[in-house]
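A.B. asks: In order, the protein sequence lines correspond to chains P and R.
Oh and the first sequence: position 85 is 85 in our numbering, straight run, nothing missing.
So the number in our numbering is just where the residue sits in the second sequence, counting from 1, plus 1000.
These are computed hints drawn from the structure, not numbers from a lab.
The C-beta atom is built at its ideal place from N, Cα and C for all residues, glycine as well.
Keep in mind that the hints are not guaranteed to be accurate.
Claimed, not checked - The calculated DSS-like cross-link candidates involving lysine-lysine, where the alpha carbons are at most 30 angstroms apart (straight line), are: (1) R:K1133 to P:K217; (2) R:K1035 to R:K1088; (3) P:K229 to R:K1133.
As the list claims (entries may be wrong) - Incomplete in silico selection of chain P near chain R, CB under 8 angstroms: (4) T48; (5) P85; (6) M123; (7) W154.
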Amino acid sequence: MKLTRLLALSFAFVASVAAAADTGTNPAPRPRDWAAIARLPDWSGVWTPFVSDQDARIQRDPTPWREEVAPQIAAMVAEERAGRPRGLFIDCLPEGMPAWMLITHNAFEVLFTPGRVTLLGEMDGNRIRRIYTDGRGHPPDPDPTFHGHSIGHWEGGTLVVDTIGILPQSWLAVSEAVGLPNNGDMHIVERIHLDGPDRLVDDLEITAPRVLAATWKTSRIYFRQRARKYDIVEGVCLQGGMSSRQDEFGNWIYVPIPQEDGNPLPPK
Amino acid sequence: MKFARLRSWISCAVLAAITGPALAHHSFAMFDFAKTVTITGTVKEFQWTNPHVVLWVNADGAAGEAPVQWSLELTSPGNLTRGGWDRKVLNAGDRVSVDLNPLRNGNHGGALVNVKNETTGKSYSTNLRAYEKPGLQ
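Kindly generate the complete structure, drawing on both the sequences and the hints.
C.D. replies: Written out as structure tokens, the structure reads:
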């Protein structure tokens, strides 16, 4: 009897997910959809990156660059080591995927709502990733974006995320000065899970056939913070190239900061 | 005294000027983290903006010489807030002592490591690695 009921419920759940996936509409969440969130692992708080481990993994999990692009990387590494880094993100466009997860120095938070997991971070205009967990598939030919189109599902306490539709210009970066545009057709699978009460791990498998000779497997670690001084703040990257001044009418405006040899100078 | 030593170091440095667009979000590899130098001076402006906070200091010159303006970069407001900073900890006119990792090209710029605000008596650090554990207060 119980088994029959369980099977029926399971069928109803799968059917409802399938319906959400197939109808092309986003149904209003039901009380049981909200209740289901309470059974997910606790990812609340703010997550700060393990920056030293990011650096260490450049050596430990070497990126399998294709032979023909490796000289570009070698040149960037040499320039970085010589103190002449060519910053990849000086234009303040989003770090995008997978660079956000790989090299960020900034915090993010994770929100669970029915049918979706959302990552919200600081920097480059308050970065965001929307991961659909309502059972939908990828669109057949999504418009490319910096963060791509992400769908996810839960395997126990692990969120498995599949991302395609990433702009070819989006950097496959191993540091802020070393990396290449993925150049198209990138596919990322992530398994995001807790490996301790306050450590979130993202195991990434990055397939980028234009620049990588094989799928690159690496991981990144983030630490949970609950003190309110860690709450996410606004992070507008372009603001850093501006200085606050008053115009001739007394209005507060931003004006570009003068530069000399690449270094910002204070306004006169 | 300290500044005189610094000037001596600069004179030996290779002056490879960095040119290019606004460094709104750049790699910090332009700074020489193997070297730490100290300057003392007066805050000209403290700009509390993403992605990198900037502190401009008019560093004391040698006897009879004019102050030298330094441009010092820090991490983001969000990261600094977690280290006890806010936008008002440094103000124009404050006397400061700054430890910094200088630009490799010898220009008067660097990545700020520590600053002591002599006016308020308080010190602040920018070490992101200090945040690499959970449950920080």
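A.B. asks: Give a verdict on every hint.
C.D. replies: Each hint, compared with the structure:
Under the criterion of a C-alpha separation no larger than 30 angstroms, the hint pairing K1133 (chain R) with K217 (chain P) is consistent with the structure, at around 24 angstroms. Taking the CA atoms of K1035 (chain R) and K1088 (chain R), the gap is about 28 angstroms. The hint holds against a cut of 30 angstroms. Proposed proximity of K229 (chain P) and K1133 (chain R) is supported: the alpha carbons are some 15 angstroms apart, at most 30 angstroms. Evaluation of the T48 (chain P) hint against chain R yields a held restraint, the C-beta minimum of about 5 angstroms falling below 8 angstroms.
At about 4 angstroms, the closest approach between the beta carbon of P85 (chain P) and any beta carbon in chain R falls short of 8 angstroms, and the interface hint on this residue holds. Hint status for M123 (chain P) relative to chain R: holds, with the closest Cβ pair at about 6 angstroms, below 8 angstroms. With 8 angstroms as the threshold, the beta carbon of W154 (chain P) stays out of range of chain R, its nearest partner Cβ sitting at about 23 angstroms, so the hint is violated.
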